[in-house]
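Novice: Using the sequences plus the hints, can you model the full thing?
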Amino acid sequence: MRIEPPVDTRTVRVPSPAATPARRASAFLSTHPRTRLALLLTAPLFWLVLVYIVALVLLLVTAFWQVDSFTGEIVTEFTFDNIITVVTGSLYQTVTLRTLGVAIAVTIIDVAIALPIAFYMAKVATPRVQRFLVIAVLMPLWASYLVKAYAWRSVLSQDGILEWMLAPLGLHTPGYGLTATIITLSYLWLPYVILPIYAGLERVPDSLLEASADLGGKTWRTVGSVVMPLAFPAIIAGTIFAFSLSLGDYITVNIVGGANQMLGNLVYTNVGAANNLPLAAAIALIPIVIIFGYLALVRRTGALDNL
Amino acid sequence: MTDQQQPAIRLTGLTKEFGAVSAVDHVDLEIAAGEFFSMLGPSGSGKTTVLRLIAGFEQPTSGTIELFGQDVTAKAPFDRDVNTVFQDYALFPHMTVLDNVAYGLRVRGIKRAERRERAMKALAAVRLEQFAARKPSQLSGGQRQRVALARATVVEPKVLLLDEPLGALDLKLREQMQVELKQIQRDLGITFIFVTHDQEEALTLSDRIAVFHDGRIEQLGSPQDLYERPASRFVADFVGTSNLFDADRSAALIGRAGEHSIRPEKLTLADAAATGAGERSAPGTVVESIYVGSGIRRVVDLDEGPRVTVLERNDRSRRGDSDRGDRVHVTWHDEDVVALVPPGA
Amino acid sequence: MTDQQQPAIRLTGLTKEFGAVSAVDHVDLEIAAGEFFSMLGPSGSGKTTVLRLIAGFEQPTSGTIELFGQDVTAKAPFDRDVNTVFQDYALFPHMTVLDNVAYGLRVRGIKRAERRERAMKALAAVRLEQFAARKPSQLSGGQRQRVALARATVVEPKVLLLDEPLGALDLKLREQMQVELKQIQRDLGITFIFVTHDQEEALTLSDRIAVFHDGRIEQLGSPQDLYERPASRFVADFVGTSNLFDADRSAALIGRAGEHSIRPEKLTLADAAATGAGERSAPGTVVESIYVGSGIRRVVDLDEGPRVTVLERNDRSRRGDSDRGDRVHVTWHDEDVVALVPPGA
Amino acid sequence: GTSSGNSAGGGEEQTELGDTEGQVSILAWPGYVEDGSNDPTVDWVSGFEEKTGCTVTSKSYGTSDEAVSLMKTGDYDVVAASGDATLRLIAAGDVAPVNTDLIPNYAGIYDFLKDKEWNSVDGQSYGVPHGYGANLLMYNTDEVSPAPTSWSAVFDDASEYSGKVTAYDSPIYIADAAVYLMAHQPDLGIENPYALDETQFAAAVDLLKAQREHVGEYWSDYLKEIQAFETGDSVVGTTWQVIQNVLASEDAATEVVLPEEGATGWSDTWMIASEAKNPNCAYAWLDWIASPEANAQATAYFGEAPSSDAACDYRDDCEAYHAGDADYASKIWYWTTPIADCVDGRTDVECVDYAQWTQAWAEIKG
Amino acid sequence: MRLGTSARVTLAIVTGIILLAVYVPLFVVLVNSFSTSTSLSWPPPGFTLEWWAKAFESQGARDAVATSILVAIASTAIALVLGTLISMALQRFDFFGKQTVNLLIILPIALPGIITGIALNNFFRTIMGVPLSIWTVVIAHATFCIVTVFNNVIARLRRMGTSLEEASADLGAGVWTTFRLVTFPQLRSALLAGGLLAFALSFDEIIVTTFTAGSGVATLPIFILNNMFRPSQAPIVAVIAVVLVVVSIVPIYLAQRLSGSEQTHR
Ligand SMILES: Nc1ncnc2c1ncn2[C@@H]1O[C@H](COP(=O)(O)OP(=O)(O)OP(=O)(O)O)[C@@H](O)[C@H]1O
Ligand SMILES: Nc1ncnc2c1ncn2[C@@H]1O[C@H](COP(=O)(O)OP(=O)(O)OP(=O)(O)O)[C@@H](O)[C@H]1O
Ligand SMILES: [Mg+2]
Ligand SMILES: [Mg+2]
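Residue numbers (this note's numbering), protein chains in the order written: chain P, 4 to 310; chain C, 5 to 349; chain R, 5 to 349; chain G, 228 to 593; chain H, 96 to 361.
There could be a bad hint or two in this list.
To be verified - Sample of chain H residues facing chain P (criterion: CB under 10 Å; computed from the structure):
id, residue
1, 143
2, 178
3, 218
What the hints assert, rightly or not - EDC-like, lysine to aspartate or glutamate: derived pairs with alpha carbons at most 20 Å apart:
id, chain 1, residue 1, chain 2, residue 2
4, P, 221, R, 85
5, G, 504, G, 270
6, G, 299, P, 71
What the hints assert, rightly or not - The following label-pair restraints were derived from C-beta to C-beta distances:
id, chain 1, residue 1, chain 2, residue 2, range
7, C, 134, R, 172, 45 to 53 Å
8, C, 190, R, 172, 28 to 36 Å
9, H, 254, R, 211, 41 to 49 Å
10, R, 180, C, 118, 49 to 57 Å
11, C, 34, R, 327, 22 to 30 Å
12, G, 537, H, 172, 50 to 58 Å
13, C, 345, R, 339, 51 to 59 Å
14, G, 426, P, 52, 48 to 56 Å
15, H, 145, G, 370, 27 to 35 Å
Hint data in this document are derived by calculation from the structure and do not stem from the laboratory. Using N, Cα and C, we set each Cβ at its ideal position, and we do this for glycine too.
Specialist: What follows is the structure, given as structure tokens:
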């Protein structure tokens, strides 16, 4: 088959696309990348800034106002009282430390549990088992936060399942309290920690693990020197979930926390109960500062791309 | 039509800067209609960037691009009558082979039946009719490459841009595809602009070759021009293997001023010094013998000069085995010595 | 030491099945200590799988692997005294070049100061001392390849496995690295097992080559054995370019029974039929001339037979330009004709 | 908004009823407004809708404080508020005076619930009493013996059941401590547990801080309380009658007592928003919920004594709640919002207001 | 990774134990849904199907599920659009303030829900003066769902590169056509995965919802919370939870299948 087509005698059989307005717009966009960028960014930025950032800033501004104690109306006069109360009040220091302790414990426990299971899912299990495990990990997400928290209340109670299982070993359920809160929160956020770590481990090429073994690295060595450093950003991403969700929780501690309260409770009572939004806003500053600090700390690890 | 008078592509002062890097640096170039034109050069020399500028994926920092006399510098890629075969083929993974090939027709609003027919014809031209219903992932590398070719040619572009289309293939497959590519270009009569860093490929396929170096064209000419008359040390070294003699050595061994080069296949080994008219020789010691199948490469340390490579043909004419340490006379003909233009001359 | 008497590697009845696919099919092989051994074959022929079996990344379905006489079939990769240079290098992206190279020493519990010193020495051997503090991502392809090599050799393995280590490199760089690789192997005296699908590379580098086909070894021998005396049509075709004559054509043109092949460089073009002793010739028409720099490939349609390729050397001995359509006599010497063993013979 | 403490806001009471608007929006405790959607057998809204043509939308809240915040949105026509919310709503002008003449069923309400300090200001009624109940003392009969008769079981003797004492989770619980102090430290001079001056308040807070050491958990929803007593995680503490009823029905070893010191309690009030968009439907609802049948259904479902005299004709469990027992009712200090102007009538001191109660409560919990 | 048999078995056992622990509370919920105890006491004093019958009759539960689905679908849809737009902007362009925008997207999920909740509550009510309704819930949910879509889509865009889009433009397709025929089909499974997670997040959100829901807006978690305060309703909640877990297998399985099949074809 030899077509003989000197260019000049070739009849053009393929039409050029019609120059519709959409086409012209598209040509304009294609040669003006900045316009394209502006169009892409407008709606989401508008939303995030207008809905979220403005709301957040206004909340923080509220922290400098006060509330009339009897009518509950906000008085828009600038004052540092709330901030001073929060910074100097021993109540807030105690609760902040307690909340931080719980959040850190939950984060550590979740990472410790998520690592082996995520590793098994990503690097050891066959594809079939892997798929099964992903489903098994995701399913509890749908069982409703409250239902699960109450289920733990039942499990942890004096004659609950845990007591029944531990009694033969001479151990006892921790009962309601901070330990119970840590256990329950760890349970609730576990899937949110497993998923990013699993995804992160999956991205570690097998050949690197093989290279380590090839050079004489035993299993634990490989895990410590190669797998962990490479999965680190993903692990950090997981910790952001566990940490921030724990930091703001007030429902779980109510259900299984015994008489303890966390920062979330203080915020909640002040806004929901005491109707003191300015003080609530001042208290809210604590977790905001903590989270911003944490984000700044982990930002360079690239973790924020792994959520 | 003016197409015949006008070059298919004319680049004038084309420059592209990425931040501080000049990826393409004042390139002027004309490519004739129907030419098989190659761009050869080491990694990072700007070949891909030139191609992307022609296709319209990048906007030049300065300079203009003309297609058959028409300035297209400001036009969007989809408004340019050129098509590209990408290095990684960029086949749409969610479409069948047929849909991939028909894509260009579909976006031009051609009816389903007609585009099917024409896509099948294009697939037939690359001998892939029976794979029309497959997904790209179900094809081998060579087959994908042919689909990419069919997809780009079905819309009958005036110029086809190919960015190392054979780079991802096995050597064996690659040689096979080179032959097919040349065949298709001849059949369609389209201008091909072909990017490669494989000098043998460029020599084999092209009508003309531009050798790129640091964003500039170092030499432009036919394969023979480049190989037999390299204009610079860089070209002599990059295109094929060269034995280079600096000014001192040239004066001593060749008896001429300036840098010179000789190709390994222009050298022969002999037991005694040369005697023929126009022949010269130099004594040396064999330091390595490498069997390459169609020939044998002998590396010889000349007594008074550099280490040279001699390519002996693996046939009856060949001298008996020279082992390491053998004393030999490396012989050449004066006419095979190429003077390298000193940079800036 | 028994090392000298024992082969470095002995594979016995080695088989690996992936589901229904036999990736490796009853391979028996012995590789001597200090040998540069290549495995050559098309994609999917099982080369990588053999390597991975030797390294211990896969468990064989059946068969055994011995290292210097010791059965290591059941051992974990980290308990085998072999190291691998991976195709994608598999450098640890979070470690510096130095830490990468020192890794194997570190896991062996060697002190910081000593491992630093030895790693620097290994880096010096591949001329990368000045890059010790960089991350792999800041290196070029060729540099990475050398780091991978340093990392694998610093622990002084008895056998080094290399899976297409040059596959990702530019042609020019690749040729350069081939020379270095050979040099390093000579210097260290380690057994190299080298996987490639580039026949020229295999021919250039190896002491012996195994040609793989569908999980089996099709032919095993020195580069010359394979090139000059291919045992089958497959090998003749895969290793270098061959002109193949089937039984009928052989009878007519060569005057012998069975299939035969002749290499392009063994053929010459002449204006008249051959007359020399042991020479034969056949008339034909030139259909294509391809300039390849060091030579010119002429494709000739023989009047009574197949299309053949003739490789003319690009030197003074060469006949004047033959253009398409020229009538020529293709000439060869009887001794250059290779009889292919029919499969199963 | 109004910021002066005792101005009764909300403008004028309505003098006559107009046509119903076709809809009404109600804010109430969970279980106060049931339309059968949770349990088809529990429904006193459909009848109202049929009768008046007012479609009901409702939202429930968890604590009195939440109700106060929600009423500020102006989204609701009617609110069922406990005594610890009513005065705040009135003071803020969020609710309007109610003309009880426009509510025929108002006549059937127990007199001891009418015109009290938590539902009226200066004799002007601000709503219709709903149900009432006391915060009782519950104990596990296996663990706690002898059977307690005094709140000392959860205060001075709390250490005996350390970690298994429970208490109601709200600032208003400080009043429980005040009730106890009223009997045990008369020299503090507490007249009304909702009118505490600085020293009285400090004593109550100290008592609660001491109690905190032994508290296993605070409760605010009754599922939590029921579970805790059933499993033995709590053995003694405040409760509501309804919780005991549930526990009894599940054969739990628990008992309740109205301790000798008396108890705090609640009497809820149906109120109308000062800016109600549907005032006529709102009045219709107040009348409907004060009717013996609806009142019986609603209070029975929530587990409290009804406010309507005749409601007990429709309930068989009235006895358990001591409904209509004026003597029992007189021992109850109904929840009232603590304000700076002492509700016990003292004028020589400033009382501690609810905002400070809230802060103190957070500090007590720690 | 090739592990020693003992390491492999240990890992498998650890994984098994963790999964077991994960399912123990769910098992408790399952048992409770059949328990005769209204207070979820353990062990159950007896078994009954009453709650299952009641749950299926409960109009409130059905309405709550419907509300939750509506909220989740609406906020997921918004998140899909906004998340896709912003990931294309961040992946395909370099611009000043890119890092800040990135942080902006993460913030709604990184800051505790109660802060988001009170901030939005304050914003809607006192600043904007809009009454709380189902739509304020949708707006709030969409805000923190953007990040899950964003992360999935941007990862896909990164892997996809620009060559497919360039190929499409090269063949004559304008930007709209390219998006419809090439980009979108490539993003589909990432959108599905991101959307599913967004849906789940929204569906189970309680804290932000508490602060942004108008009167009469009862999403499922709100309904459950309210029912926890009612006598005789707790087991119905257990039934709902069991049904949700079981029903959730379908979308999770489908998403797995879709993304799985895509992987094997690459
Ligand atoms: N998008 C970009 N941003 C910044 N620098 C770029 C970009 N694209 C190319 N460059 C730089 O421009 C120079 C030329 O690159 P180009 O890709 O054109 O080289 P090439 O000749 O095609 O090389 P190769 O053979 O490796 O494909 C290089 O230095 C490269 O790093
Ligand atoms: N993990 C695996 N699972 C299933 N099949 C496999 C696996 N690894 C390899 N194979 C199959 O085994 C055969 C041999 O593969 P192998 O990778 O050894 O070939 P190769 O010679 O190295 O090819 P290439 O040159 O492409 O690297 C192929 O058919 C391949 O599809
Ligand atoms: Mg390139
Ligand atoms: Mg391979």
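Novice: Each hint should be assessed against the structure and marked as holding or not.
Specialist: These are the hints, each one checked on the structure:
Look at residue 143/H: its Cβ only gets to about 18 Å from chain P, farther than 10 Å, so that hint breaks. The criterion of a C-beta within 10 Å of any C-beta in chain P is met by residue 178/H, whose closest approach is roughly 8 Å, and the hint holds. Taking 10 Å as the C-beta contact cut-off toward chain P, the hint placing residue 218/H at the interface holds, the least distance being around 4 Å. For the given pair, residue 221/P sits about 14 Å from residue 85/R by alpha-carbon distance, which is consistent with the 20 Å threshold.
Distance check on the hinted pair: residue 504/G and residue 270/G sit about 25 Å apart at the alpha-carbon level, beyond 20 Å; violated. Distance check on the hinted pair: residue 299/G and residue 71/P sit about 14 Å apart at the alpha-carbon level, within 20 Å; holds. A hinted range of 45 to 53 Å is violated for the C-beta pair residue 134/C and residue 172/R, which are about 32 Å apart. The supplied range of 28 to 36 Å is met by residue 190/C and residue 172/R, whose beta-carbon atoms lie about 32 Å from each other.
The hinted range of 41 to 49 Å is satisfied by residue 254/H and residue 211/R, whose Cβ atoms lie roughly 42 Å apart. A C-beta distance of roughly 52 Å is found between residue 180/R and residue 118/C, which places it inside the suggested range of 49 to 57 Å. The hinted window of 22 to 30 Å between residue 34/C and residue 327/R holds, with their beta carbons roughly 27 Å apart. Checking the proposed 50 to 58 Å range against residue 537/G and residue 172/H shows it holds: the Cβ atoms sit about 53 Å from each other.
Distance hint check: the CB atoms of residue 345/C and residue 339/R are about 46 Å apart, inconsistent with the given range 51 to 59 Å. Between residue 426/G and residue 52/P the beta carbon distance is about 52 Å. The supplied range of 48 to 56 Å therefore holds. The hinted window of 27 to 35 Å between residue 145/H and residue 370/G holds, with their beta carbons roughly 31 Å apart.
Checked against the numbered hints above, the structure violates hints 1, 5, 7 and 13; every other hint is satisfied.
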